[in-house]
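A.B. asks: Protein sequence lines, in the order shown, are assigned to chains A and B.
Note that the working numbering numbers the first sequence so that position 51 is 51, with each residue one more than the last.
Converting from the second sequence to the working numbering requires adding 1000 to each position, the first position being numbered 1.
Quick caveat, the hints were computed from the structure, so don't treat them as lab data.
One thing to keep in mind: the hints can contain errors.
[Said to hold, decoys possible] Covered stretches of chain A (chain B as the covering partner; in silico rule of three or more C-beta atoms under 8 angstroms from a C-beta of chain B):
no.: 1; region: 178-184
no.: 2; region: 192-206
no.: 3; region: 216-230
[Unchecked claim] Residues from chain B shown here face chain A by an in silico Cβ test under 7 angstroms; the list is partial:
no.: 4; residue: Ser1054
no.: 5; residue: Ala1061
no.: 6; residue: Leu1111
Built from N, CA and C at the ideal position, the CB exists for glycine as well.
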Amino acid sequence: MTAPALDAPVGVDLRAPVARANPVAKLAVASLVAFALLLTVDPVTAGAALGLELLALPWCGVGPRGLLRRGWVLLAGAVPAGVATALLGVDAGAVLVGAGPVTVTEGSLQAGVAISLRVLAIGLPGVVLLATTDPTDLADALAQRLRLPHRFVLSALAAMRLFGVLAEEWQALTAARRARGLGDGGPVGRVRDAVARVFALLVLALRRATVLATTMESRGFGAVTHRTWARPSRFGPADAVVVAGGVAIAAAATAAGVAAGTWELLLA
Amino acid sequence: MADPRTEPVAVRARARAWGWRHSARKAWAVRGVDLDVAPGERVLLLGPSGSGKSTLLAGLAGLLDPGTGPDDGTGDEEGALLLDGVPARTARVDGVRAGQARSGLLLQDPLAQTVLARCGDDVAFGLENHAVPPGRIWERVDTALAGVAFPYGRGHLTSRLSGGERQRLALAGVLALRPGLLLLDEPTAMLDPDGAVLLRETVTAVLAATGATCVLVEHRVGPWLDLVDRVVVLEPGGGVVADGTPDDVLRARGAALAAAGVWVPGHLPVAGRLAPAKIRTDRPDPGSAPGTGSTTADHGAGDVLLEARGVAVRRPGRAVSAVADVDLDLHAGRTTCVVGPNGAGKSSLALALAGLVAPAAGTVTARGRLADGVRSPHPAAWRPRELVRRIGTVFQEPQHQFVAATAADELAVGPRRTGVPEAETARRVDELLTRLRLGHLARANPFTLSGGEQRRLSVATVLATRPGLLVLDEPTFGQDSRTWAELVDLLADLVAGGTGVVAVTHDERLVEALADDVLRLAQGRPAPVPVGAA
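Isolated chain A (complex conformation) (with noise of 0.2 angstroms):
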């Protein structure tokens, strides 16, 4: 709170409404309509989810660029999983392309929309998420609001703060393992001495962790329960807002399924 934000990334507005709500908020969202969307694969609930979630976008403070930067995993995940299902899913209704076994039915590619859609529906909240929130904010939240144990979120969040030292010493690694003469076995050689170079880093990253836990430990991390927090993580009415939001989509979504005739219990 009276820090100053990080650094905005690329093609994100971290001003923006939703953007600067408590990430417990936008984890909430995130999990209402992940949980509306995992009752059933239809593709009007997926689809209206996922409009009203295109259509929330503009108050999230992540434009296209942003979006697409790191959206694209979870279209790269969407699109084959939908074209898989469609060609190899249960058939049922009229065969639209047939050829040998591989048969697109009416019911497949339906199959296949609504698997497409839900991986997206269901991934968007969590870019959002991730996008817009600082780890350490996240970390707070959780602590204060979720009152998950700090000990555990501290430490989840010092160690990921050494991911970024651990992507220097793997070029450094690498090269030091072609110094070596190692490297060039072929493709098998070439797995080998991956799984070698993985395994120094965890040996690396070990030996700096061990330092990392002396460190916090000297400065009083886990001596006694009770802490405080320089950042108080508050839930305000705007957060309320925002959770309301995600009640709201994952309900019309819902709505429209049922509505359509679409909408199907998975598990009965």
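We have chain A already, so just place chain B on it with the hints.
C.D. replies: Chain B in isolation, oriented as in the chain A frame:
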């Protein structure tokens, strides 16, 4: 929990026949220590590696926990270690409850002492753990940052800090807790010379302002002598063997300390059994000959091994070259030192010369016997096994280049990769183990060796394939004087035998001892070498 005091109260530290043995170790890390440190005293703790200096500091910081049962805790303790009459461990926990730490500990690795992503949050971390009321935290954070002359605000990202800046941030994190006892464990060992000077000035100012007691471990004694008023020498397994004013202790024990690897003013570094100490005197003054970029005086110049022309190097993910416009000839039987401030692009240039990255512009070309038997004259295009026979690279961090489970296997990796017969490989391994005083460690895991042993092993692994050119990145960084002298002797022998050497270094003594040629870089470009300076 309240915040009544504004200044730390200097702590009295006392050890009584104190000893500590880490879990699963047979030998005591430190034993039989009797020591009284009065409030406000500043003590420099000296001793050879393995004398338990760091363990004593960790004990004073209250971080060693013997637990309650035989297999509980992290080791065994004997005797007593007291801060103001209270066991150090209890004192630490009491300090956390009281909102004001009794002791604060600064370690040597800057990268491993940053806890959080923003500078302000990192300093606030300890205050939060000490349950300081949120309303008072930021004021104390600002005071602590100002106390170490920190150049950035609270919101600055810790990932953008240099090593020296990180170390000062870590010091601020310690000072924010207002410890009455400041414990410094080789705080400048991993800093470049400028960063080390700044940190020492900061510590001096902090101690003058707070009057805190200070116990310091350093093996470069000279720069700290003005700050400390007492020197205590520990002996492995022997407890305190000398204790007195810096003058008295260094006069009585200076030679012995220098032989044990401590950098003592007025004592030349002493090598071990490697070779007779012979820092070469037949060199031209490294500052007198060079003009701009590389210079090749006739003195002892052999054949050209590697030629760099207009070389620029770009690090992955960066748009701007780390270094550019470098012309350099490396010769058989000559040593070239690449010097310059942090961020000048020295290490990037070394990677390109070593064939580990392809230059972004210009060419690196092998000549003469270095180019024999390879299709391409450009080292970056060589296969790893071609490279390792021709160019040996020693990295700043020895651990990066360890790939085997024992020291002996580590030495055999290169010869085996290049098809050297097993009998010959075994012969080379034995020879190197003996020559670099590693024989007793042949079966040890490289990661478990001490810093000096790791450095010697990393150099030995490179020599095992008999490369014609050696590329060294800060080979003497953080080394004790004994390892330093051994490295200098070894490199001088290799150069006399016709090996070409290029060393990236901040170490002016190394330049003085070895350099035939000097290339000075500044802000990614070759810079003129000032006359009379190396």
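A.B. asks: Decide, hint by hint, whether the structure agrees.
C.D. replies: Structure-based check of all given hints:
1. Three residues within the 8 angstroms Cβ limit are the bar, and the region 178-184 of chain A against chain B gives 7, so the coverage statement holds.
2. Remark: the region 192-206 of chain A is confirmed as covered by chain B, as 4 of its residues place a Cβ nearer than 8 angstroms to a Cβ of that chain, reaching the required three.
3. Residues of the region 216-230 of chain A lying with their CB closer than 8 angstroms to a CB of chain B number 14, which satisfies the three-residue condition for coverage.
4. The interface hint given for Ser1054 (chain B) is broken, as the beta carbon of that residue sits about 10 angstroms from the closest beta carbon of chain A, more than 7 angstroms.
5. Because the beta carbon of Ala1061 (chain B) sits about 5 angstroms from the nearest beta carbon in chain A, less than 7 angstroms, this interface hint is met.
6. For the restraint placing Leu1111 (chain B) at the interface with chain A, the shortest Cβ-Cβ distance is roughly 5 angstroms, inside the 7 angstroms limit, so the hint holds.
Hint 4 from the list above is the single one not met by this structure.
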